[in-house]
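Chemist: Residue numbers (the working numbering), protein chains in the order written: chain A, 1 to 255; chain B, 1 to 304.
No lab work stands behind these hints, which were simulated from the structure alone.
Among the hints, erroneous ones may be present.
[Unchecked claim] The calculated label-pair distances, taken between Cβ atoms and stated as ranges, are:
| id | chain 1 | residue 1 | chain 2 | residue 2 | range |
| --- | --- | --- | --- | --- | --- |
| 1 | A | Lys229 | B | Cys143 | 36 to 42 angstroms |
| 2 | A | Lys155 | B | Asp199 | 38 to 44 angstroms |
| 3 | B | Glu32 | A | Lys155 | 36 to 42 angstroms |
| 4 | B | Lys248 | A | Asp162 | 43 to 49 angstroms |
| 5 | A | Lys176 | B | Met90 | 53 to 59 angstroms |
| 6 | A | Lys229 | B | Asp286 | 48 to 54 angstroms |
| 7 | B | Arg203 | A | His168 | 30 to 36 angstroms |
| 8 | A | Gln151 | B | Asp199 | 36 to 42 angstroms |
| 9 | A | Gln151 | B | Glu32 | 34 to 40 angstroms |
None of these values were measured; they are calculated from a predicted model.
Where a beta carbon is used, it is the ideal one built from N, C-alpha and C, also for glycine.
Spelled out from the first residue to the last, the chains are:
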Amino acid sequence: MMKYTQGKYILLKKITLAKQIYDFTILCPDIAQSASEGQFVHILPEHFSLRRPISICGIDKENGTLRIVFEAKGDGTNVIADTKQGGNIDMVGPLGHGFTLTEKKEKAVIVGGGIGVPPLLPLAKHYGKNAVVILGFRSADAVILKKDFEQTGAKVIICTDDGTAGIHGFVTEPLKDQAASADIIMSCGPMPMLKAISLIAESNNVDCQVSLEERMGCGVGACLVCACKVKKNGSEHFGHVCKDGPVFNSKEVIW
Amino acid sequence: MADLSVKIAGVEFKNPVIPASGVFGYGREYEEFYPLSKLGGIATKGTTGQLRTGNLSPRIAETPMGMLNSVGLQNPGIDRFIEYELPNLMKKDTVIIANIAGSTPEECAEVASKLDKTDVHMIELNISCPNVKQGGAAFGVSCQGAASVTSLVRKATKKPLIVKLSPNVTDITTIAKSVEAEGADAVSLINTLLGMRIDIKSRRPVLHNNCGGLSGPAVFPVAVRMVWQTANAVNIPVIGMGGISSGKDAIEMMMAGASAVQVGAAIITDPFAPVKIIDEMNEFLDSNGILSVDDIVGSVKPWQ
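Can you make the complete structure from the sequences, with help from the hints?
Modeler: Take a look at the structure:
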């Protein structure tokens with residue numbers, strides 16, 4: 001039994017969620033079967049050399065599908081975004097070390113920023129009403145997946161940089177009120193946000209898992225290009241986002 | 001089915017397709033895709049005397065038909081390789097080529113002498129890493145430097161010795177002749193071409209190391225030319241690499257004079273690339289009535 005799969009998979013459903021933000025449902029029973037929360041798939045834009053790592057937003061093992069929500073940001077992701085419904089997606093997966101889920105009854109505070117929000121949806125599903133979800137966006141028109149998160153039963157708090165939706169401010173403000181009573185904090189988003197969250201987690205003595213990003217090559221831990229500095233057993237070394245991560249314990253990350 | 005086996009420096013390969021050093025780690029990750037016994041051989045990640053942490057990220061950038069990388073020889077060091085990685089690799093029923101590097105010729109020789117006591121099939125001496133200040137390129141770009149490191153490593157081991165050459169030189173054939181004269185059993189080429197990309201918004205180089213090595217289909221014609229020139233200049237086998245991503249590319253490289261090929265960047269794009277290349281070579285040989293892949297080596301008919 002091989003752990004990784006590569007192939008061309010059918011794009012079943014394509015929705016535009018916000019400006020340049022796409023929501024794909026892909027039929028890939030073999031990958032869906034072994035995928036877990038926080039892992040990613042590695043997608044090759046046609047005629048490109050490097051694959052683009054895209055986090056998994058939903059896993060439907062019964063129907064054999066994966067959901068991904070991503071931003072068309074550069075040439076490569078624009079090519080992926082141009083895939084027509086019914087077209088093929090060249091994908092390797094499932095890859096990486098994802099989130100480590102704790103018991104459902106624990107209070108999980110789930111914090112996402114911008115395009116870091118999608119991989120957190122399966123976590124909200126797991127913790128349901130015991131989760132508090134804090135999502136930060138630039139402005140109201142960039143808000144994505146709000147309803148999806150609300151449907152999980154979790155308490156959802158929206159923040160925007162410009163105050164056009166929810167709380168006017170950063171996710172760290174509501175997090176400060178929630179952190180003391182949290183059993184675990186889980187987060188994905190820009191590095192400065194993750195750093196601030198890990199400091200709040202540390203000062204409240206709460207375990208914190210963060211999902212990192214780095215320019216990636218093979219995606220399986222062989223080529224060693226996606227290095228990030230981590231400390232383990234007291235010594236510093238380079239970990240690799242694709243295999244050791246993308247999810248790390250925040251205490252291991254050297255910010 | 002055509003006979004795909006080749007022999008280089010007395011070592012039998014079941015087929016001429018070898019994942020190149022750097023992209024394939026020590027094989028463990030790709031075993032999760034296919035059995036390593038399908039491969040002709042494996043050139044392992046460049047290994048040095050001591051552990052190296054490598055360069056800061058970003059270490060990779062996309063380029064038209066290729067990529068730039070600057071990993072910087074990150075590896076756990078030769079002792080860890082011999083103790084932990086090599087025993088696993090030696091069970092895989094494929095030729096194991098230990099790629100080695102060092103800051104000084106003495107470090108290279110020390111690594112080679114440690115490998116001499118192991119069962120590894122071949123050693124590939126990297127005198128051409130473009131991504132560390134003293135990563136071999138320092139002695140790989142002059143005939144004298146290439147000769148002196150080859151000579152020291154040759155004295156340190158009786159294993160079949162391949163020397164991996166840099167394309168970042170004026171005339172690669174003179175370097176190839178220098179290492180041949182010092183006892184290299186084969187040469188492999190080309191390592192990556194030194195390149196650079198700049199993010200025009202931040203005005204920062206995309207790679208943290210500023211520069212890095214270019215590989216992928218973009219470099220293929222350069223590699224074919226250098227392999228052809230080198231194969232015509234030396235009497236030892238040439239292992240060709242640089243942008244090979246299909247069976248047709250591999251056939252072309254062998255017609256230029258390569259006795260076997262290595263595949264690097266293509267594996268980053270498609271983890272199954274080496275296996276597909278083997279199948280495609282087979283198809284080409286069969287459909288053209290060629291019985292043995294050996295028959296095509298150096299078979300290009302240059303215009304007079």
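Chemist: None of the hints should be skipped; say for each whether it holds.
Modeler: Quick rundown of the hints versus the structure:
1. Separated by about 40 angstroms at the C-beta atoms, A/Lys229 and B/Cys143 satisfy the suggested range of 36 to 42 angstroms.
2. The hinted window of 38 to 44 angstroms between A/Lys155 and B/Asp199 holds, with their beta carbons roughly 40 angstroms apart.
3. The given range of 36 to 42 angstroms is respected by B/Glu32 and A/Lys155, whose C-beta atoms sit roughly 39 angstroms from each other.
4. In this structure the hint that B/Lys248 and A/Asp162 lie 43 to 49 angstroms apart at CB is violated, the actual value being about 54 angstroms.
5. Checked against the hint of 53 to 59 angstroms, the pair A/Lys176 and B/Met90 passes, with Cβ atoms roughly 55 angstroms apart.
6. Under the hint 48 to 54 angstroms, the C-beta atoms of A/Lys229 and B/Asp286, about 51 angstroms apart, fit the expected range.
7. For B/Arg203 paired with A/His168, a C-beta distance near 33 angstroms keeps the hint of 30 to 36 angstroms intact.
8. Distance hint check: the CB atoms of A/Gln151 and B/Asp199 are about 39 angstroms apart, consistent with the given range 36 to 42 angstroms.
9. One distance hint, 34 to 40 angstroms for the beta-carbon pair A/Gln151 and B/Glu32, holds here, with the actual separation near 35 angstroms.
Hint compliance for this structure: hint 4 alone is broken.
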